[in-house]
Amino acid sequence: GENVEQHPSTLSVQEGDSAVIKCTYSDSASNYFPWYKQELGKRPQLIIDIRSNVGEKKDQRIAVTLNKTAKHFSLHITETQPEDSAVYFCAASKSSASKIIFGSGTRLSIRP
Amino acid sequence: NAGVTQTPKFQVLKTGQSMTLQCAQDMNHNSMYWYRQDPGMGLRLIYYSASEGTTDKGEVPNGYNVSRLNKREFSLRLESAAPSQTSVYFCASTLAGDEQYFGPGTRLTVT
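These protein sequence lines are chains A and B, in that order.
Residue numbering for the first sequence is 102 to 213, as defined by this note's numbering.
Residue numbering for the second sequence is 885 to 995, as defined by this note's numbering.
Calculated pairs, PhoX-like style, for lysine-lysine (alpha carbon to alpha carbon, straight line, at most 20 Å):
1) K200/A to K138/A
2) K159/A to K169/A
3) K172/A to K195/A
4) K169/A to K195/A
5) K941/B to K200/A
6) K143/A to K893/B
7) K172/A to K123/A
8) K195/A to K158/A
9) K941/B to K195/A
10) K200/A to K172/A
11) K169/A to K123/A
12) K955/B to K200/A
Calculated directly from the structure, the hints in this document are not laboratory data.
Because the structure is a prediction, the values reported are computed rather than measured.
Make a model of the complete structure from these sequences and hints.
As structure tokens, then:
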């Protein structure tokens, strides 16, 4: 079945610096790749997503890149701020209304 | 719109007891999901329902059953709770396999 691996498991960056989180997926038929942010004690919420017909997508300080050949995608956060501290999950799925598999998460801490 | 709602918010069970976690969504979504999240861990899919009338196993279905009661409601049942089922349970829904909307979670402790 589909497997999604996520690295690193923890990441600490200085406020203002950039953070990068990487994921790889196993099923080449996967075509939808969302990223979720989960603050402590809260529910996960979508922050950005990308489909397999696009190589890169940006939304203000957040960007996601996709390399279909290598089967990996990455989340980039620039100019990090204290409110970026959270756990981030990548995920992959391969068709509408199918199950979605999550990575194991990255705990991002922003140092003041 | 309330989005995705879950009841109860907290529950403590003794080993062997049974209970049903309720989930409802008012967004007319087709697909619904149940996940568990253990402390410091990721989201693991228990069961999902791609559409009304269908259910399928996820990664960790053992010890659980589900019912898609109608398009709005998807319940998760623990027939005989075990301490290993202590976790936070999230329900989620999606219209067409894109953004998943999560409920607030149910924190379950089995002693």
